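Engineer: Line order of the protein sequences matches chains A and B. Quick note: the first sequence uses this note's numbering, first residue 1, plus one each step. Quick note: the second sequence uses this note's numbering, first residue 1, plus one each step.
Calculated directly from the structure, the hints in this document are not laboratory data. Incorrect hints may appear among the rest.
Computed from the model, here is a short list of chain B residues facing chain A with C-beta under 10 Å [stated by the list, open to error]:
#1 K162
#2 N166
#3 S168
#4 T594
#5 G595
#6 R596
#7 M597
#8 W599
#9 A601
#10 A602
#11 A605
Away from chain B, derived, C-beta distances all over 10 Å, residues of chain A [as the list claims (entries may be wrong)]:
#12 F5
#13 I23
#14 R53
#15 I66
#16 S97
Predicted model only: the values in this text are computed from it and were never measured. Beta carbons: idealized from backbone N, C-alpha and C, even for Gly.
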Amino acid sequence: MIVPFEQVLFVSGVLFVLGLMGILIRRNILFVLMSIEVMMNSAALAFVAAGNRWGQPDGQIMFILILTLAASEASVGLALVLQIFRRFKTLDTDAASEMKG
Amino acid sequence: MYDLLFLVFALPLAGFLILAFGRGRLGENGAAAVGVGSVGGAALVTAGLVAQFLGHPPDGGAYTQVLWDWMKVGGFTPHFALRLDGLSLTMLGVITGVGFMIHLFASWYMRGDDGYSRFFSYMNLFVASMVFLVLGDNLLFLYFGWEGVGLCSFLLIGFWYKDAANGSAARKAFIVTRVGDTFMAIGLFWLFRSLGTLDIQQVLQLAPQAFDSESGRQAVRGIALLLLGGAVGKSAQLPLQTWLPDAMAGPTPVSALIHAATMVTAGVYLIARTHVLFELAPDVQHLVGVVGAVTLLLAGFTALVQTDIKRVLAYSTMSQIGYMFLALGAGAWSAAIFHLMTHAFFKALLFLSAGAVILACHHEQDIRKMGGLRKTLPLAFWCFVVGGGALAAVPYITAGFYSKDEILWQAYAGGHMDLFLAGLFGALLTSIYTTRLILVVFFGEEKTHAHAGHGVSYWLPLAVLLVLSTFVGGLIHPPLEGVLPAAPGEGGGAAQLGIEALSGSVAIGGILVTALVYFTRPRALLALAQAPAAQAVRRFWFSAFGFDWLYDRLLVRPFFWLVRVCSGDLFDQAIGTIPELLRHANVLSTRTQTGRMRWYAASFAAGAVLIVAAVMFRG
Numbered sequence: 001m002i003v004p005f006e007q008v009l010f011v012s013g014v015l016f017v018l019g020l021m022g023i024l025i026r027r028n029i030l031f032v033l034m035s036i037e038v039m040m041n042s043a044a045l046a047f048v049a050a051g052n053r054w055g056q057p058d059g060q061i062m063f064i065l066i067l068t069l070a071a072s073e074a075s076v077g078l079a080l081v082l083q084i085f086r087r088f089k090t091l092d093t094d095a096a097s098e099m100k101g
Numbered sequence: 001m002y003d004l005l006f007l008v009f010a011l012p013l014a015g016f017l018i019l020a021f022g023r024g025r026l027g028e029n030g031a032a033a034v035g036v037g038s039v040g041g042a043a044l045v046t047a048g049l050v051a052q053f054l055g056h057p058p059d060g061g062a063y064t065q066v067l068w069d070w071m072k073v074g075g076f077t078p079h080f081a082l083r084l085d086g087l088s089l090t091m092l093g094v095i096t097g098v099g100f101m102i103h104l105f106a107s108w109y110m111r112g113d114d115g116y117s118r119f120f121s122y123m124n125l126f127v128a129s130m131v132f133l134v135l136g137d138n139l140l141f142l143y144f145g146w147e148g149v150g151l152c153s154f155l156l157i158g159f160w161y162k163d164a165a166n167g168s169a170a171r172k173a174f175i176v177t178r179v180g181d182t183f184m185a186i187g188l189f190w191l192f193r194s195l196g197t198l199d200i201q202q203v204l205q206l207a208p209q210a211f212d213s214e215s216g217r218q219a220v221r222g223i224a225l226l227l228l229g230g231a232v233g234k235s236a237q238l239p240l241q242t243w244l245p246d247a248m249a250g251p252t253p254v255s256a257l258i259h260a261a262t263m264v265t266a267g268v269y270l271i272a273r274t275h276v277l278f279e280l281a282p283d284v285q286h287l288v289g290v291v292g293a294v295t296l297l298l299a300g301f302t303a304l305v306q307t308d309i310k311r312v313l314a315y316s317t318m319s320q321i322g323y324m325f326l327a328l329g330a331g332a333w334s335a336a337i338f339h340l341m342t343h344a345f346f347k348a349l350l351f352l353s354a355g356a357v358i359l360a361c362h363h364e365q366d367i368r369k370m371g372g373l374r375k376t377l378p379l380a381f382w383c384f385v386v387g388g389g390a391l392a393a394v395p396y397i398t399a400g401f402y403s404k405d406e407i408l409w410q411a412y413a414g415g416h417m418d419l420f421l422a423g424l425f426g427a428l429l430t431s432i433y434t435t436r437l438i439l440v441v442f443f444g445e446e447k448t449h450a451h452a453g454h455g456v457s458y459w460l461p462l463a464v465l466l467v468l469s470t471f472v473g474g475l476i477h478p479p480l481e482g483v484l485p486a487a488p489g490e491g492g493g494a495a496q497l498g499i500e501a502l503s504g505s506v507a508i509g510g511i512l513v514t515a516l517v518y519f520t521r522p523r524a525l526l527a528l529a530q531a532p533a534a535q536a537v538r539r540f541w542f543s544a545f546g547f548d549w550l551y552d553r554l555l556v557r558p559f560f561w562l563v564r565v566c567s568g569d570l571f572d573q574a575i576g577t578i579p580e581l582l583r584h585a586n587v588l589s590t591r592t593q594t595g596r597m598r599w600y601a602a603s604f605a606a607g608a609v610l611i612v613a614a615v616m617f618r619g
């Protein structure tokens, strides 16, 4: 069964907003990272759907690009999480606000 | 060999860049190696050039090395070119040769100073600018080098910037010479308007025809006057001479290199370089001589009563440059350059040995607190005797005699009796103050305990300059034929011998009288010196004829008053609102930097939504 394009876009938009909400609301940096992953995947979903809609392979190529991007982002992000935890002994993002003002 | 000419300029510049970007990472020995080595390399190249120039002179007596076109503005395309002829070769020899000796001495003198590599980077930049000044074949380059040496002079006078007095001395030197530089710049603009070029050779060729009308004579008179304004500023002649004594705030090797041997003689070089313009304006040329004569007398009287060892030497420099100006005014171009060269030798020697004395006496510069240093500092003593002898022009055995006598003879032979008499009287003053300085510092009772220096970088420069200050320096004959016109009295014969005998006996007489007064101390003379009138004259001379006082009342205070009056006016307030607004905007934008990542992400998202909405509703 082929899911209509609009519905896929709708799901993608919902996922994106969910991720954004996660970033804005959660203070735990692990959850923030996961929310970023969700936002990326929503964008990837939109690409796949768009590629299918216009019969172009570009959407799938973009999907693979986003997949690698997400992988590298996760590794860098986790390294940062480790460093933040070592320095501040907490995972609260608001603790790392020394650059304010 | 000639195509290595650019190295003379490029090596010190490279030394400056290495030291400036090395920023103290090189250590003292590294900095000394780079700073002294680069100037030494330039001196070696110069020595090779001299050998080639004397052996196989280039066609037409000059070699031009075009490096590239500097700029293209309409029909005005100055080449980036270096030109070597007899005059610039002489100057190169002085700058790199004496400069190398002074650098070597400085590597000893400055040891242990915080800014060791900074010192050498400035010194290298100075040498590069000065070489550029004398090699440029275009007045534009000359001006570029002219400003470059002015900058280095400013940086080095204020080298010990933690003392506010040094900073204000540096500013004074910069501002006073800037007055002269402005005159010179206007003169160059005028010259370009009249001739359409600033290429020195073209200027010298075109000038006689171009200025051959009544209005042309007026123009060339104005141009020559303006160039003279630039020269008196740089060379510390009346009326812009006040900066030179204060410039002694810099380290002593700086005084030796910049404020005695090279930079202050740039004015002499400029006038000799553009001699055709001055010959076309004879009254301005005579004015050059008069300026020199008045300055040499004024500085001579002032040097008689100074108590700071470096200030005595500073005023003597001023008066010796006065001699060079006198020679230029009398049309004795070669004699002026010859005196420039010998003066560089013996004045560098005097300043370096003064530096040795100052360091040996633990940074004491007051000659009244010295005395009897003859036994503890024998090398410095002999340097002072030879250098002072050359300064006072002791006949036949010193370099200074040959050049100064040449000047006096040319002034006499050219019929400039006023200049000749002023020069002769100046020679008497010179021998008196020089003898006084040596007697006070090296004879009498010992007042401080001095520590003599040691090491090859201490005695070698002194020894070399010592030899050059004797008759050996007088034997060097600058190859100036064909570059500068012949003076009126070449090959004088019996009359010249008479002048030699006269000036020689004046010098020796001054020395003998001073020594006699010093050792016998006649009571009548001492009583006379204590009289109120004599004390008033002494104070007047000590203040260098009150020029600082006059300029302070005439220019500095009115300027500060004007600044104070203008500081709260409408324009000032209007301009003041701009930084006020910026400060408020700054406070506001600082508030947005909360340091909370979520807040940034939210504003990010809100911004994105706004942009997307704007795009959608617009289309």
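Engineer: Out of the numbered hints, which ones does the structure contradict?
Structural biologist: Hints 1, 2, 3, 13, 16 are the ones this structure does not satisfy, whereas the remaining hints hold.
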